[in-house]
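Going down the list, the sequences are from chains A and B. Residue numbers for the first sequence follow the working numbering, beginning at 1 and rising by one. Residue numbers for the second sequence follow the working numbering, beginning at 643 and rising by one.
Among the clues, some could well be false.
Stated by the list, open to error - FRET-style restraints, in silico, Cβ to Cβ:
#, chain 1, residue 1, chain 2, residue 2, range
1, A, L368, B, G691, 54 to 62 Å
2, B, D652, A, D385, 48 to 56 Å
3, A, T474, B, Q747, 52 to 60 Å
4, B, G691, A, T559, 32 to 40 Å
5, B, A680, A, E520, 48 to 56 Å
6, A, E420, B, T723, 21 to 29 Å
7, A, T518, B, A680, 56 to 64 Å
8, B, E679, A, V484, 51 to 59 Å
Hint data in this document are derived by calculation from the structure and do not stem from the laboratory. In this text the structure is predicted, and so the values were computed from the model without any measurement. Don't be surprised by glycine CBs; every beta carbon is placed ideally from N, CA and C.
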Amino acid sequence: MKRRSLTVKLAALVLGISTLILGAVLVYNLLFSQAVIIRLAEDNSRSLGREVANHLAAQIKPIELAVKNIALALEDSALNSREITSLARRIVEGNEDVFGMTVAFEPFGISSDKLFFAPYSYRTDSGVKTTSLGGTGYRYFYMDWYQLAKELGCPVWTEPYFEESGASELMTTYSVPFYRLEDGQRRFIGVVTADISLKWLQHEVSSIKLYDTGYALITTHNGTFISHPVEELVLNQTVFSLAEGMGDQELWEIGRNMIEGKTGFLRRASVRDNKESFLLYMPLPIGGWSLAFLFPVDEVFADVRELSRNMLLIGGLGFLVLTGAVIWISRKITKPVRDLSDVALQIAQGNLDAKLPDIRTRDEVGDLAIAFGEMQSSIKEFIVDLTETTAQKERIESELRIGRDIQMGILPKIFPAFTEYAEFDIYASVEPAKEVGGDLYDFFLVDENHFCFLIGDVSGKGVPAAFFMAVTKTLLKVVAERGVSPGAILEKVNNDLAEDNESCMFVTLFVAVLDIRTGEVNYASAGHNPPVLLENSGVKYLKPLNEPLAGAMTGMTYTTSSLTLKPGDTLFLYTDGVTEAMNKADELYTDERLIVFMKGLYENDAKSMIEAVNQSVLDFSGGADQSDDITMLTLKYLGMGK
Amino acid sequence: MEFTNDKQGDFLVVGISGRLDATTAAEFEAQCDQWVEAKQGKIVVNMEGVDYISSAGLRSILTSAKKLKAMDGEMRFCGLTGMVADVFGVSGFASMFKIFDTLEQALNG
């Protein structure tokens, strides 16, 4: 993993979390304020629409009422034609909002000789004028304003139209049918109409400004546009024709909802400039007309977006300041740690005297510095101790080695030995184990005809065993040289060793004295392994005497036994290092293996016999650790004849 | 190396199994020290389960036996087999200690 400093890690963590929080706040703020803004925009446009609707209602309701009143008055047949004409004229004169008014009768409705009767009073620049509609060129009872009211049997607002004769204003007409009772039947007589100008409405609607480029529009009960910022749509297109032209199913649905007088608020592209916009539509109080507002989403959200942009900017600035602050603080906090780490590196490279930085903060870092200082002095002390201990250990080891050398040095090692005596051949070897052991052997002339040879094994290991061995060997020689029997030698040595032997050490011994002239051997054993006797007739262990090992208890007696070696016979003495040599499977070499192996060694001289046994033991142990000294001694009797 | 203890009459019968060498001899000696401490002076060591004894093992027996003797106790042995019997014979332990063939004989002898 790439190495990163604490400062970088801390800064990354704090700044990462801050960025997440800031981001979450920004996103939440944006979403929430957008929702609020949309609701506000909807409410605003709704109330604007209601205002327009109320204004329109205030304009037309009195007119509708007036026209309906006249229609009611005309149900009474008492009014004559002149009175009817003047009634309509007075309405026009007395109501500025009414552009013109007609009372139109059914053919021959006023009298049987008059096909047409439709006095029309209308406003001109020079006052109100009255004319009669109807003639061969204008059969008024086929016009929409007449037919619709007659067929539907209720008051209607006609589709808007342009008044060609006058100021070319957009007009609409309100027609109310009237009836009379004749022969008990309600019979349609004619319609009363009032023309009103929509110029003010167009003006009012087109002057509505929603946000920057939002606009309003009006459709009639069949979807015809009567106010739209796109001029060529007005009176030329309906919502449905437009929807079909554009292949816009959604617009078609919207058109249906509008003519059904429903209210809706949705989000779609505007027809004018294809900008994503909010659309609100609502009914107007004139039969089936609908008012709609469109305002671009961009403009609605402009403020929110600016707010978010500014917040992001402030957040970014704050982020920079925070970055600086975090880096500053973390560098300040980690400075002692870095100083400590530098010193630690020096110490690790071996400079134990590196000076620790002076850190006095009372926090974890301060604790660390103190602990570190203690560790430094502990290590120094420890190294001093270790150096001393190592030196001591080396001294002791060296002394032990020298001791071992001295111990081994007291065993006779110069071979061939006693070459001036042709009567016997003597050889001995000791293969010391790693740990200091206590094996011993010796051979010397007691007098000119008697040759003493012996072997022994001190119990235990180490320096005590070595000392005990040295003492034993010295005692043996001193006692043996008095020329007493081997049994007496052992008795004396045993008593000397057993006295004040607090440590309960003991030694097994085999002592033999050869009469050079006759081959007679006197011997005694203090618990030592029985030696092997190699004769021409066979190889065997000497019969064990089972007498106690030396040094354990005073007052023991030892028997001296005797045998006679014929020329060529050999006595093989050994310690249990031979028979208890172990291989890697923890198996012992054993007495049996030894005796079987030695059967073929009768002809060997003293040295080659020991070498052969040694090789056999080595082959058996197969490189397993040697745990005990391996000591052997051979005496081959050659006889006087040689 | 495992020890078992079983008090029978005056004697504590100690069963040993495994090898009695330099490592286990120290354990044996420590056990004996506890018995000496507890004034248990008469001990029969059943060697039936011991298949090897080293000179260190012999020494631990000798040391313990001396301690028992100092408090008028004694250490008897039974169930010696194979190599252990040989070593006891060769080393003369047989002439220093009371050795029995069976536990009954050791307890009643």
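Evaluated hints:
1. Take A:L368 and B:G691: their Cβ atoms lie about 59 Å apart, and the range 54 to 62 Å holds.
2. In this structure, B:D652 and A:D385 meet the distance hint of 48 to 56 Å, their C-beta atoms being roughly 54 Å apart.
3. A hinted range of 52 to 60 Å for the beta carbons of A:T474 and B:Q747 is inconsistent with their spacing of about 43 Å.
4. Checked against the hint of 32 to 40 Å, the C-beta distance between B:G691 and A:T559 comes to roughly 33 Å, which is consistent with it.
5. Judged by the Cβ atoms, the range 48 to 56 Å given for B:A680 and A:E520 holds: they are separated by roughly 55 Å.
6. Distance hint for A:E420 and B:T723: a CB-CB separation of about 50 Å, inconsistent with the stated range 21 to 29 Å.
7. Between A:T518 and B:A680 the Cβ separation comes to about 59 Å, which falls inside the hinted range of 56 to 64 Å.
8. Between B:E679 and A:V484 the CB atoms are about 44 Å apart, so this pair departs from the stated range of 51 to 59 Å.
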